[in-house]
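Asks: Two chains, each in its own frame: build the complex with the hints.
If you read the sequences in order, they're chains A and B. Quick note: the first sequence uses the working numbering, first residue 1, plus one each step. Quick note: the second sequence uses the working numbering, first residue 1, plus one each step.
Misleading hints may appear alongside valid ones.
No farther apart than 30 Å at their CA atoms in a straight line, the calculated lysine-lysine pairs in the BS3-like style are these [what the hints assert, rightly or not]:
(1) B:LYS71 - B:LYS146
(2) A:LYS53 - B:LYS146
(3) B:LYS72 - A:LYS34
(4) B:LYS71 - A:LYS34
(5) A:LYS34 - A:LYS53
Hints in this document: simulated from the structure, not taken from any laboratory. Computed from a predicted model, the values in this text were never measured in an experiment.
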Amino acid sequence: MSDLIETLSKPWPWYISGPLIGLTVPALLLLGNKSFGISSTLRHVCAMCVPAKIPFFQYNWRSELWNLFFVLGIFFGGVFAALFLGGTDEVVIDENLEAELLSYGINNFSALVPADLFNFEVLFSLKGFVLMVVGGVLVGFGTRYAGGCTSGHSITGISMLQPASVIATVCFMAGGFFCANLIVPIVLSW
Amino acid sequence: MSNPPQRERSATIGFYFRFLSAGVIFGILLVKSEVISWFRIQEMFRLQSFHMFGVIGSAVFVGIISILIIKKLRLRTLDGEPIHFVPRRFHKGNVIGGLIFGFGWALTGACPGPLYAQIGTGALVVFVTLLSAVVGTWLYGYFQSKLPH
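Isolated chain B, as found in the complex (with noise of 0.2 Å):
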C-alpha cells in the first residue's frame, strides 16, 4: 500500500473519530447536494442539467487548489507529519474499468460513496447494490491476472 507503516499510537479511537466526523459531514454533503440522486445522474448522463457537472467542476477546481497550497507551505498532518503524493500511473485498467463503472454508474445512479449514503437515507434495498458492488470488486480481483492492464 501507499502510506508508510502506521505509528502505534495513531490507531487510536480518537485517530479513527477523525475519519467518522469527516465522514458524517461527506455524508450530509452528498444527501444535500443530490449527489446521490438517481434521478440527477440520469439528468447529468442526458445533459438536461448542469447541476453535477457544476458540483464536480468546483470540486476539482478547489482540490488544485488546496493541493497546490498544501505543497507551497508544506503544510503537516495534525499529527505533524509530512504529507505524501502518491502519483497514479495510467494502464488499460482506467479505460476498460473506467467504461465499465460508467456502465454501473448510469444504472445504479450511484458511485460507491453514495451507496453508503443512500442507505442512511432510508432506501435499505441499495444495500444489495452496495453487497453486489463488493461481489463486483471480489470478481475483479479474482479475475486481475486475465484481464490486460
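One chain only, chain A, in its complex shape (with noise of 0.2 Å):
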C-alpha cells in the first residue's frame, strides 16, 4: 500500500493523465448529460451572488448546481492530493526556464505555484497585483466573453468538433504565447 501512495505521489506523466482529463468529457454526460465546462461557474457565482439586473446573469442558475458542486470537489480533490499524494520531490522544470526565473530572484521550486510569486506580500506589490488580480480579472472576461476555457472549448469542443472551440483554443494559446515570451518578463523583473 505505501508503495502504491509512493507510486501515486509522484508527478503523473501526460500518457496517464491526459486520457484520464478526456475521460472527464464522457463521465459528466453519463452522470446527468452535463457538459464539461468550468469557466461557467464563475458566470454562476455571479448570477448567484451580484446579478445587479444585468442580462446575462438573469437565467435559472439553479439548474447549473451540478457545476458548482464539481468544482467544490476540485477543491476538495486539491486538498487531498497535496495531504496524502503531495509528495516530497521538487519541481523539475526546464532549465533555461529555471535560469530565466533564477535572474529575477524566484528560487523557490517546492512548490507547484511558485512560493516566491503567489504570497499575500507579493500581492500588494505592483508585479503580484498584474499577476493575480490583473491576471485574475482577464481569465474571468476572456473565458466568458469567448464562451469557454480549456475545458469548455479545448476539450469538450473540440471532442465534439466544433470549429469554434477549435478557434477559441488557437486564440488561446496564441494570447498566451504573446503574454508569456513578451510581458510575463517584464512583470517578472520588477
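Replies: Below is the structure:
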C-alpha cells in the first residue's frame, strides 16, 4: 500500500493524466447529460451573488448547481492530493526556464505554484497585483467572452469537433504565447 | 440555458454528490498531472516542454473517441435519459475573448479549473485570483452589449 502511495505521489506522466482528463467529458455526460466546462461557474457565482439586473446573469443558475458542486470537489481534490499524494520532490523544470526565473530572484521550486510569487506579501506589490488580480480579471473576462476555457472549448468543444472551439483554442494559445514570452518577463523583473 | 428542464427527482443530494465526487477525482488529477503548476504553463508557452501539449492533446483524443462511442451506441445517462449535444456557434468573442483569456492564463499560470485546485493545495492567495476572475466575468456581463460578437 505504501508503495502504491509512493508511486502515486510522483508526478503523473501526460499519457496517463491526459486520457483520464479526457474521460471527464463522457463521465459528466453519463452522470447527467452535463457538458464539461468550468469557466461557467464564474458566471453562476455572479448570477447567485451579484446579478445586478444584468441580462447575462438572468437565467436559472440553480439548474447549473451541479457544476458548483463539481468545482467544490476540485477544491477538495486539491486538498486530498496535497495532503496524501503530495510527494516531497521539488518540481523539476526546464533548465532555461529555471535560469530565467533565477534571474528574477525566484528560486523556490518546491511547490507547483511558485511561493516566491504567489503569496500575500507579493500580492500588494505591482508585480503581484498584475499576476494575480489583473491576470484573474483577464481570465474571468476572457473565458466568458470566449464562451469557455480550456475545459469547455479545448477539450469538450474540440471533442465535439466544433470549429468555434478550435478557433478559441488557437486564440488561447496565441494570447498565452504572446504574454508569456513578452509580458511576463517584464512583470517578473519588477 | 442549454440543458432541458430538471425534473424534481434529480435535484437530490445523491445527484449532486455524483458531481462532487467527480470533481474530487478531477482535482486530484489536476494536481498530480501538474496542470495546475504555474511553472508547467510557462514551459508550455515557451515551448520548453511537451508535457502540457501531451496532456491536452491526449485528453482531446480520448474526448473525441468517447463522444463517438456515446453517439454510436446511443448511450444514456445513469438516470436513463438520452444524451444531448449542444453545438457551439462561432462569434467574435471566441477570438477576442480567447486572446484575452490567453493573456490571463500566462500571467496566472492557471485556467479556471486549476484555480480551485490550487487553493485546495494551500496556495490561499489564489483565492484573490479566483475572486478577480469572478469580477472579470461580472465586468464582461456588464459590458456585454457593448462588445463585438
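Asks: I'd like to know which numbered hints this structure contradicts. Please list them from smallest to largest.
Replies: 1
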